[in-house]
Amino acid sequence: MISLQDVTYRYPDALSPALNHIDLNLEAGSFTLVSGVSGSGKTTLLRLLNGLVPHFSGGVFSGTIRVAGLDPVREGPGRMSRRVGVVFQDPESQFVVDSVEAELALAMEHQGLSRTEMGVRITQVLRQLEIVPLRQRRIGTLSGGEKQRVALAAALTLQPQVLVLDEPTSQLDPQSAAQVLDALARLNHELGITVVLSEHRLERILPFIDQLIFLPGDGTLRQGTPRQLLAEVDLSSPLVTLAKCQGWSPIPLSVEEARRWVPSREPEPSVSVRTVQPKAIDSEPAEMSIQGLAYTYGENRALSDLSLQIHRGEMVALMGPNGSGKTTLLKLLAGLLKPSAGKVYLRGRDTQRLDLEEVIQTVGLVPQNPNALLFADTVAEELAFTRQSHGMDSGCPAGLLETLGISRLLTTYPRDLSVGERQRVALAAILVAEPEIILLDEPTRGVDWAQKEAFMAYLASERAHGHTVLFATHDVELVAQCADRIVLLEGGRCVADGAVREVMFAWPQYCSQIGRLYRDGHTLTPQDVREASR
Amino acid sequence: MSNQPVCWPATRNTTAWLVWVLATAALALTIRNPLYITLIVLATWLVHVQVARNTPAAANWSGLVRLGLTIWLIAIPFSALMNHQGETVLFRLPESWPLLGGPITAESVAAGAASGYSLWALLLVFATFNLAVDAAVMIQAMPAFLSQAGVITTIALTFIPRMVQDTREIREAQRIRGHRFRSWRDSVPLAMPLLTTAFEHAIQLAESIESRGLSARTMDLSARRTRLVRGALALALLALLAGLVVRLVGPPLLGNALVAGAALVLMGAFYDLERHARRTRFVHQVWTRADKAIVAISVGALAVGLGTAWARPDLTGYAPVDAASLLPAFSLVPGIAVTLLALPGLLGALGANTAPTGSEAPQ
Chain A
1 MISLQDVTYR YPDALSPALN HIDLNLEAGS FTLVSGVSGS GKTTLLRLLN
51 GLVPHFSGGV FSGTIRVAGL DPVREGPGRM SRRVGVVFQD PESQFVVDSV
101 EAELALAMEH QGLSRTEMGV RITQVLRQLE IVPLRQRRIG TLSGGEKQRV
151 ALAAALTLQP QVLVLDEPTS QLDPQSAAQV LDALARLNHE LGITVVLSEH
201 RLERILPFID QLIFLPGDGT LRQGTPRQLL AEVDLSSPLV TLAKCQGWSP
251 IPLSVEEARR WVPSREPEPS VSVRTVQPKA IDSEPAEMSI QGLAYTYGEN
301 RALSDLSLQI HRGEMVALMG PNGSGKTTLL KLLAGLLKPS AGKVYLRGRD
351 TQRLDLEEVI QTVGLVPQNP NALLFADTVA EELAFTRQSH GMDSGCPAGL
401 LETLGISRLL TTYPRDLSVG ERQRVALAAI LVAEPEIILL DEPTRGVDWA
451 QKEAFMAYLA SERAHGHTVL FATHDVELVA QCADRIVLLE GGRCVADGAV
501 REVMFAWPQY CSQIGRLYRD GHTLTPQDVR EASR
Chain B
1 MSNQPVCWPA TRNTTAWLVW VLATAALALT IRNPLYITLI VLATWLVHVQ
51 VARNTPAAAN WSGLVRLGLT IWLIAIPFSA LMNHQGETVL FRLPESWPLL
101 GGPITAESVA AGAASGYSLW ALLLVFATFN LAVDAAVMIQ AMPAFLSQAG
151 VITTIALTFI PRMVQDTREI REAQRIRGHR FRSWRDSVPL AMPLLTTAFE
201 HAIQLAESIE SRGLSARTMD LSARRTRLVR GALALALLAL LAGLVVRLVG
251 PPLLGNALVA GAALVLMGAF YDLERHARRT RFVHQVWTRA DKAIVAISVG
301 ALAVGLGTAW ARPDLTGYAP VDAASLLPAF SLVPGIAVTL LALPGLLGAL
351 GANTAPTGSE APQ
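Heads up: the protein sequence lines correspond to chains A and B, in order. Take the first sequence: its letter number 4 is residue 4 in my numbering, and every next letter is one higher. Take the second sequence: its letter number 14 is residue 14 in my numbering, and every next letter is one higher.
Read the hints as simulated data drawn from the structure, not as lab findings. Be aware that one or more of the hints could be misleading.
[As the list claims (entries may be wrong)] According to the in silico footprint, chain B covers these stretches of chain A (three or more CB under 8 Å from chain B):
| no. | region |
| --- | --- |
| 1 | 93-99 |
| 2 | 451-460 |
[Said to hold, decoys possible] Calculated pairs, EDC-like style, for lysine to aspartate or glutamate (alpha carbon to alpha carbon, straight line, at most 16 Å):
| no. | chain 1 | residue 1 | chain 2 | residue 2 |
| --- | --- | --- | --- | --- |
| 3 | A | K338 | B | E172 |
| 4 | A | K338 | A | E358 |
| 5 | A | K331 | B | E172 |
| 6 | A | K331 | B | E169 |
[Stated by the list, open to error] Some but not every residue of chain A turned toward chain B, in silico, with C-beta under 10 Å:
| no. | residue |
| --- | --- |
| 7 | R82 |
| 8 | Q159 |
| 9 | I251 |
| 10 | G405 |
| 11 | I406 |
| 12 | L409 |
All C-beta atoms, glycine included, are put in the ideal place defined by N, C-alpha and C.
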């Protein structure tokens with residue numbers, strides 16, 4: 001179905017090729033994950049499959065490529081659209097109209113299909129993806145997971161033989177991500193559609209795939225079955241890490257496969273139900289305190305009757321589905337929004353009575369989208385701008401750049417950096433003002449495993465300095481590794497607030513892979529297993 | 001048909017709405033008489049109230065009233081200061097002041113108020129139309145040969161809310177870094193991310209459009225035929241321009257002949273393009289009796305209004321030059337005609353959500 005022979009591609013003005021003499025063969029009906037570190041060429045490879053590279057990007061291409069019987073380099077993405085459907089990372093960036101039905105019909109209208117044929121195909125794809133009730137909805141009213149499935153449906157209406165997806169679940173909560181991946185698995189099994197996708201969170205995708213492509217970052221690639229390749233390359237999920245440490249062979253790709261190595265155990269009685277109650281507000285002075293907080297956007301209530309206390313040195317993970325109010329809460333804590341009801345206290349002082357300038361002397365918020373911050377010509381200028389705006393000298397706190405791994409990027413134009421590097425520069429652009437309370441909104445979105453480990457090391461160093469960290473995330477493995485406490489929001493309300501172990505075992509959909517494997521109320525990470533076996 | 005109840009008037013025939021808005025706007029532009037304008041405002045208000053029942057969040061009557069007052073705040077002083085005709089002198093400005101100097105009269109104030117009123121009525125008409133018809137739906141109803149232009153317009157429309165959202169995000173992100181707006185130089189941290197983000201969104205969308213085949217050719221025309229149609233279009237547009245110029249400076253008969261010839265060629269070219277367009281439509285518009293009635297009434301009201309303006313300019317115009325003519329004239333027939341423009345609102349009030357849908361898609 002997909003064949004690349006001796007393919008080399010170099011971007012305009014690049015010194016070295018992004019893909020260097022690569023060969024690849026994927027059978028029809030295969031389900032393939034493209035993995036590798038940030039900037040290793042994953043997106044380039046995916047875009048090559050429908051001709052976006054080099055038609056959109058320019059550059060120099062050589063070699064032979066065939067996808068579904070066509071040469072994408074010669075045909076171009078427009079003609080390839082009937083054979084190759086593409087879904088991008090951000091579903092909103094690919095919608096043209098604001099109605100689900102009209103969006104699904106759009107590509108078919110442009111191909112001149114009859115109304116009857118369009119109606120049949122729309123009904124089919126909606127059923128295949130189990131989103132029939134969304135047919136008459138406005139896209140603006142859909143959740144992140146629903147939007148991504150509608151984007152998938154829009155790609156399927158032209159009945160492609162190959163589906164190419166670039167990090168389709170990176171912005172989704174665990175439940176929405178599972179829905180999208182289940183839908184892909186159904187399309188793959190039932191219709192025989194060849195699926196090729198990239199994804200950083202291996203733990204989500206490994207159970208579904210039968211082929212793995214690894215790009216080490218030098219322009220080459222390695223291809224094989226997941227078990228074969230995972231044993232050979234530096235690429236792992238928590239479960240794979242544990243399997244390698246314990247010598248389990250063959251390497252299990254899912255929790256279910258790994259159960260044969262773990263003694264059968266009934267779930268702890270206390271963890272099978274949602275027993276975690278919001279943490280009682282105690283008398284210890286809190287860094288930040290929220291009482292009866294509510295916020296509404298127009299007629300939509302984003303937060304309701306929320307009360308919390310966050311203490312010095314705590315590392316709190318804010319979790320919950322897309323649209324549960326996490327970002328709104330962070331903005332309220334940072335003083336960017338004024339509560340509709342209730343109070344936010346910063347070290348005992350009502351933030352509504354403080355100027356934003358006073359709040360940001362103590363609180364730093366790193367937004368979800370690093371692009372909203374970056375404007376200067378160099379990374380060094382970005383950092384200097386924040387310090388000068390805070391009335392500080394332009395120097396940088398010792399060790400910050402090294403900890404974040406960006407000391408070599410100081411003279412680089414920030415927008416030329418990879419997603420992970422931009423994320424870390426945005427982090428530095430806030431932390432350079434040395435806030436004592438750090439709020440982070442989805443800090444590891446689009447970040448590879450190695451960068452995530454560096455980020456976790458940074459969080460550990462912040463905690464060692466007594467700083468307080470509150471971060472909103474969908475990444476359960478990150479939370480299992482480094483948070484002390486989880487505050488779980490649903491529909492704008494706090495439904496659980498407790499120690500990571502309590503909440504993860506009470507809410508299995510927010511539990512780490514190792515936690516779901518052991519179900520003992522204690523073990524959440526490979527380190528926990530190692531420590532228990534000592 | 002739809003699985004869910006479809007509410008009036010969001011799905012009423014787009015063409016019927018288009019005819020209604022063109023007729024009402026043309027009358028609001030032509031008529032200056034405040035009494036007829038008041039009837040147009042009341043008719044539009046009734047339609048607006050019915051439309052707003054389905055989109056209460058979008059309807060903002062108080063905002064429209066504030067907008068009207070703002071227009072008056074500009075139109076009245078402008079007319080009073082620039083137009084010194086009239087007998088009722090309120091006060092005088094020094095004659096030595098260029099343009100502004102001279103008497104400020106009640107008649108010029110009244111004329112300014114009438115102009116502002118007409119302008120506000122026009123805005124109200126378009127605000128109601130905007131509330132009633134989804135821009136994307138209207139673009140979908142465009143002729144098939146203009147589908148590429150339709151996609152581009154839709155993208156432009158979706159970009160506006162996205163840019164507003166980006167602007168808010170960027171402003172918040174920079175404020176948390178301590179950014180304050182003190183001089184024009186402080187706009188760089190806001191403008192640069194906005195520009196680059198908009199550019200990146202544009203590239204992403206362009207890639208998506210390309211990948212979905214939305215930029216593919218939509219015409220089944222040979223290269224020779226394409227050249228012929230393009231040449232005809234260019235010639236017709238030139239003839240149209242020349243005709244309009246000749247009407248102003250030369251013999252009107254020649255000007256009219258050129259305009260009419262250009263219009264014929266344009267219609268022929270558009271017909272040919274539409275015939276060869278490959279694009280199909282999923283949603284077809286349905287014409288109900290109510291839609292046909294709206295079109296008939298709108299065209300009728302327009303004909304009566306324009307006819308009155310041509311035959312009795314004293315009825316539709318309003319040019320108070322003395323205190324005796326401050327009160328506008330009124331006649332019943334054009335009054336009834338413009339009042340009938342409330343028909344979409346009356347139909348909504350009578351049939352509301354039980355009215356038949358105006359579009360139909362196969363399931």
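- [ ] For the hint on I406 of chain A, just tell me whether its beta-carbon gets within less than 10 Å of chain B.
- [x] Where the cut-off is 10 Å and the nearest Cβ of chain B is about 17 Å from I406 of chain A, the hint is violated.
Task: Evaluation of the interface hint that places G405 of chain A against chain B, nearest CB under 10 Å - done: At 21 Å from the nearest chain B Cβ, G405 of chain A fails the 10 Å test, so the hint is violated.
Task: Satisfaction of hint between E358 of chain A and K338 of chain A, Cα-Cα up to 16 Å - done: holds (15 Å)
- [ ] Have a go at the L409 of chain A hint: is there a Cβ in chain B nearer than 10 Å to its own Cβ?
- [x] violated (18 Å)
Open item on the list: Holds or violated: the hint that R82 of chain A contacts chain B, with Cβ atoms closer than 10 Å.
Closed with: At about 7 Å, which falls below the 10 Å cut-off, the nearest Cβ of chain B leaves the hint on R82 of chain A intact, so it holds.
Open item on the list: Quick check on I251 of chain A please, does its C-beta sit within 10 Å of some C-beta on chain B?
Closed with: violated (35 Å)
Open item on the list: Quick check: do three or more residues in the region 93-99 of chain A have a beta carbon closer than 8 Å to a beta carbon of chain B?
Closed with: Satisfied; 7 residues make the cut.
Task: 16 Å Cα cutoff - pair K331 of chain A, E169 of chain B - done: holds (11 Å)
- [ ] Would you check whether Q159 of chain A satisfies its interface hint, that is, whether its CB is within less than 10 Å of any CB in chain B?
- [x] violated (12 Å)
Open item on the list: So if I understand the rule, the pair passes when the alpha-carbon distance is 16 Å or less; does K331 of chain A with E172 of chain B pass?
Closed with: holds (9 Å)
Task: Coverage criterion applied to the region 451-460 of chain A (partner chain B; beta-carbon cut 8 Å; 3 residues) - done: violated (count 0)
Open item on the list: Check whether the Cα positions of K338 of chain A and E172 of chain B lie no farther apart than 16 Å.
Closed with: holds (13 Å)
In summary, the numbered hints that this structure violates are 2, 8, 9, 10, 11, 12.
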